[in-house]
Amino acid sequence: MTGRGLIDAERRRFNRWALAPSLIVLFVIAVLPASYLLAVSLTPFQLITPGSSTDFSAPLRNYRLLPGDPRFVNSLWVQAKLSFWGVLLQVLLGMLLALLLNTRSRVIEFARTFFLIPMVLPPIVVAVIWKLIYTPDISPIYYAADLLHVTMPSLTSSVDFALTAIIIADTWEWLPFTFLMVLAALQTIPDEYSEAALVDGANPIQIFIYITFPFITPILVISAMFRLIDSVKAFPLIFLLTGGGPGSVTEVTNYYAYLLAFDFNEIGYSSAVTIVMLLLVVAFSFGVIWMGRNREAMT
Amino acid sequence: MSGRSGRRAGPARHAAIGLALFVLLLPFLWLLQMSFKSNELILQIPPPLIFRPTLENYTSLWHGAFSASFINSLLSASFSTALALLLGVPAAYALSRWAGRGKHALGFAILVTRMARPIAFTIPFFLFYRWIGLLDTVTGLVLVYTSFNLPLVIWMMQPFFETVPQSLEEAALVDGASTRTVFLQIVLPLVAPGIAATAILCFLYAWNDFFFALILTRTNARTAPVAVVNFMNYEGWEWGKIAAGGSLVMAPVLIFSLAVRRYLVSGLTAGAVKG
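Going down the list, the sequences are from chains A and B.
According to my numbering, the first sequence holds residues 1 to 299 in order.
According to my numbering, the second sequence holds residues 1 to 275 in order.
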């Protein structure tokens, strides 16, 4: 079987040549930058201070400062609030929308595509759209409130409403994602279950509670996890709508890291903040994967 | 086939769906109608719903600096897509035919690079580009975008290659064809639709980027998303231009998304289109 062996050797050579360029490029543009970030986070690097980028005399200084930095602690808290309420609303509304659209009809199949628009828009366009909605002079909701003789506070510059304004915009943007996931799950439920329940005299609410909901629970959890992991990426909304303000009411950790590096020039400290943030996201993702494995093992 | 879908949709349901769609798309439609209004019309109270549309916002964008930004966006997104496909498609093929260990570890590593961006990469890229003079260049953007498009290509193309029957390749190999020939002349044509879908998603990821372009460009390589935001900060709140710029930035995205909506879900679960 030397022919076979030759083919295998040739195939291995081909595989090496096919994989090598990608691995080298990934190493250079992903692994090296990540390692460099870690190195910088161990220095007091500021662009204006020469030599500070290689000063490893107190490597853990940045990390020691973090717990005592009220702005950092606050930013984690803001992120937690934004993620929690955003994901909760997205999962709830996405599920309701999916239930509404889970029906056989040509017209509705066509309409489904349009429900996906907010999700596929460039994030910066989403931010522009909500900027238009939240700017009193030109906004339809301020005009409507005026007609009803209600005075609306300026949402994005009010301490009480700024974070809510971001959550609303984020929910609008990502609602289609949970909608799409839940709809896909709904379409795998066999007809027989609800038909049998109908014969037994169950009402639609009972069918939902006892048949539909248990069936879609895993997908609800999965889409919530995906959204939680990605909810750290609300940067364009915050950048354009509130700039982290008023004060630091909407300043999430990402945004704080951005300000530290590119406004305050604290590149070393900003890298430390980013590393901590990254570790939290990766730990959380590991948790999700581990949960998924356990679920598989159980069933 | 599907649970409650067995029931036919009544008129009440159709009405509810129509209303939901209208409410959901209202903010989007508001931007669109604003892009066809002159600035006086935009500030007019009550907002006129029926008006004579004007293209003046679009023409003034076209004659201004915005067209250059639009071209920068096109160039950086296209080149990074091409580069990612060139490197990633053969790698995905090799991986899909490779049963060895480390496949899952590699898959996870790829997922992590997708989650990490963009926060983790901006500072290193900024410092490095500042050092070698790639700040504010399209080349710099192409490299950054490849850092997240290459994992996407490898991740998305594997299932497409797995659908190609191995017996087809083996027959050609036994006839004396080299693996390279089999790959180029037999396998690649079969996965062409997959390549097209992947290419469009790569293009969209790069096109949608705001964060990298904000930090790594100034004026020469400024992309369209950053240019739109600049209308807000420096050019005195020209709402018409902002709306028209926003509409132009989203136009290719809407067209392409319709083309690949079947693949949107798998592409999204690779770590969301945006970041």
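Any given hint might turn out to be false.
[As the list claims (entries may be wrong)] With beta-carbon atoms standing in for the labels, derived distance ranges:
#1 A:V73 with B:P165: 50 to 58 Å
#2 B:P193 with A:G247: 38 to 46 Å
#3 A:G5 with B:D136: 20 to 28 Å
#4 A:V73 with B:I45: 53 to 61 Å
[Stated by the list, open to error] Going by beta-carbon spacing under 8 Å, a handful of chain B positions derived as facing chain A:
#5 Y58
#6 A91
#7 L173
#8 G246
#9 L254
Worth flagging that the hints you see were computed from the coordinates, not collected in a lab.
By construction, the Cβ of each residue, glycine as well, lies at the ideal position given by its N, Cα and C atoms.
Now for the hints, and whether the structure bears them out:
no.	hint	in the structure
1	A:V73 with B:P165: 50 to 58 Å	holds (57 Å)
2	B:P193 with A:G247: 38 to 46 Å	violated (51 Å)
3	A:G5 with B:D136: 20 to 28 Å	violated (54 Å)
4	A:V73 with B:I45: 53 to 61 Å	violated (44 Å)
5	Y58	violated (15 Å)
6	A91	holds (4 Å)
7	L173	holds (5 Å)
8	G246	holds (4 Å)
9	L254	holds (7 Å)
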